[in-house]
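Protein chains in written order, with our numbering: chain X, 1 to 260; chain L, 1 to 258; chain C, 1 to 261.
Honestly, the hints are just simulated from the structure, not real lab data.
Certain hints may be false.
Where chain C lies over chain L, by a calculated footprint (3+ residues, C-beta under 8 angstroms) [as the list claims (entries may be wrong)]:
hint, region
1, 7-13
2, 77-84
3, 160-169
4, 194-200
Just so it is clear, CB atoms sit at the ideal spot from N, CA and C, and this is done for glycine as well.
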Amino acid sequence: MPLTESVTTPAATKLSAQHVHMTFTRDGKSTPVLNDVTLEVAKGEFLCIVGPSGCGKSTLLSAIGGFLSPTGGEIRIDGQPVSGPDPRRIFVFQERGVFPWLTVEGNIEFGLFKLPRAERQRRIAHYIEMVGLVGFEKAYPAELSGGMKQRLEVARALAVNPDMLLLDEPFGALDSITRLIMRGELLRIWREERNTVIFVTHDIDEAVQLADRVAVMSGRPANIQQIVNIDIPHPRDLSSPRYLELRNGILTQLGLAHQV
Amino acid sequence: MNSLAEPRWWEKFLWPVAASALFLAVWHYSVIYSATKVFPSPLAVERGLAELARKGLLWAYIGDSLRRVALGYGMAAVIGVPLGLTLGWYPAANQVVNPVLQMLRPISPIAWIPVSIVLFGVGDLTAVFLIFLAAFFPIVVACVSGVPNVPTIFRRAGRNLGLTAPQLLARVVFPAALPQIIVGLRLALGIAWLVMVAAEMIAVDSGLGYLVIDARNSGKRYDLVVAAMLTIGVIGLALDLCFRRLRNIRSVRWGFPQ
Amino acid sequence: MLGRGLSTKRNLLVRLRPIAFIAVLLILWQIAVSRSPAHLLPGPWDAAGGILDLVRHGLLLKYIAASLFRVTWGFVAAAVLAIPLGLTIGWYRRAELAFNPLIQIFRPISPLAWIPIAILWFGVGDIASVFLIFLSCFFPLLLTAINAVQRIPSVYVNAGRNFGLSPAHLVYRVLYPAVLPQLITGLRITLGVAWIVVVAAEMIAVNSGLGFLIVDARNAGNRYDLVVAAMVIIGIIGLLLDLGMRSLEGAKSLRWDYSED
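Chain X on its own, in the form it takes in the complex (with noise of 0.2 angstroms):
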């Protein structure tokens, strides 16, 4: 069965980057680092970014986020241009972004500060025990474990019910047992949630076993070379022949072989 390529109904459209290019200038040193990237998400949806390190995904997902300005192209949120961070949007960070001066419970306040007291206190003991961090409401960042500090800054993202969420290699910096059970916390919270998900990662299993589709990136200056329809329902059984026949699709169109 062939890979498929993937059509998107433009009425759910909920982020839409058309001809997306990015040039870093630096010291007179111009680096193109996106080429032409046009990709459409629709709402809802899980939308994993796939890649080799270094390609670019990043700053695609930075400017997505608008934290970067594209130098050529636009970005298009909800119909509207992108024109800086928005709560509407939040960013999980790649490396550990919780506030270390903070307590588990001041990290999901943090963004709660407009409202009132009580639904503060609803949402953070409830994203607290959707991450499964029940008991750990006072301590410190530096008393958690690798993956609690990643629960918490989930925590904290959705404790302001963002539209959508970004996540730049979350669990980059765990192990891969706990990278298993967290993948499959974030698909359970998503469930929950519904939220919009783009998700850059440069492991191919992780992106199969999450997404929806999988936009695969070019290597530098990179752009969308194939986005891939995942149409296996969850939960996901890792060794099945279309899971396979998938992941190995992929493999094939970055140009690396199914062995070692």
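Given the coordinates of chain X, assemble chains L and C onto it according to the supplied hints.
The following block gives chains L and C in isolation, referenced to the frame of chain X:
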């Protein structure tokens, strides 16, 4: 990371020149405006410097100051680095010696002046001793704390390859601790330069520090006072820049990220 | 049973070692002094006598208080000015570009070199000496603040912006807590510098304080025992100040900076 866009290349010259020009202008006009008879304007300072240069005093004094710093600081480094490394290597030794160091360290070199004069008399030797004292403690402290900061994996790798303790110290610990030692050395040089001024004001009759006091005492030549101060500042900066250069040497550059 | 007894005994010996070392040094000092022909330099015994002398005349506490007073004023004034200024300069790249040369030239100028100017501006006395202490603290604190801001990991700032914080909130809820540990370390080190400089600053014709004591004791009668007594006290108080600041650094919500890698 800071706000606003990355500054353009020409801004790297524009802003410092603008700020310095503003500073000089404010200085100049406040001297005129306050009609002070004593405090020098920037031009007066410049003329004062030229006068010192003409009389040959400027270079002679700079030379004297640099000489004293070189001697005092040099000795502090030569004694302090091995001592610090040893104390860092043998925690037992450090535990014994450290309280003494911590108690001697806050005692200003100025406080040592009477003792120093008794021991070494008035003159160069006293100044060099005071500079030595001032530079000694930061160097030792930096070396002592540099050693335990060497990652254990490096030490294990060395032992794995069969190095004996002195070899380990010289071939693994010292190069690994070198960035931190350099930080301590740089700090100590800054302190030495500060103390040089103090020592020269009190104990000798030549040098930039002496010039500051002498210019005032023998004739209220505040233009020379400020000229001396600026010379002290510029040379101190130059010394510090030399150290910054050191950081670029390949074998230590790894220790100074960004 | 026996093992436990041995280890506590060993523990005690280990703790006593530095004290034993100090005792040995004191003995050597005393021997060196009594053997020297000039008999000018005091030994530890004389120094102790000097301290008692000061206590008897009611001067010890008075002088300590005077020196601490000057240090506090100069240090606090420098902190109040230098820290906000430094945080601002560190935040705006262009401000740093603008002021860096000026800062770099003024920094290496010893506070003592300012004495003639200080006397010119403030006359002889307390204000001038507080001014010198202020100067000696200002530049180190300024640089500490600049450096602390520049070292804030950009993730924190980005996260703050992401959650829609206003600039004022960004300063109060992200910038300030993030720089706090480094600022406190800088304050501790600078306090140590201030304590060293107070000795020199008190040479400007004030008439109280530990630095004054050192100069005066020598000038008015070669009382080197008082000189050394003053040095000992300076050393002890300096140590106590440092320990005090370090315990501040140990406060729990600040400790995060040291347990992170």
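Cβ contact check, 8 angstroms cutoff: the region 77-84 of chain L against chain C, three residues minimum: Check failed, 0 qualifying residues.
Verdict on chain C covering the region 160-169 of chain L, criterion of 3 CB contacts below 8 angstroms: Violated, because only 0 residues of the region 160-169 of chain L bring their Cβ atoms closer than 8 angstroms to Cβ atoms of chain C.
Whether chain C covers the region 194-200 of chain L (at least 3 residues having a Cβ closer than 8 angstroms to its Cβ atoms): Answer holds; 5 residues pass the 8 angstroms Cβ test.
Check of the region 7-13 of chain L against chain C for coverage (Cβ-Cβ below 8 angstroms, three residues minimum): holds (count 3)
Hint compliance for this structure: hints 2 and 3 are not met, and every other hint is.
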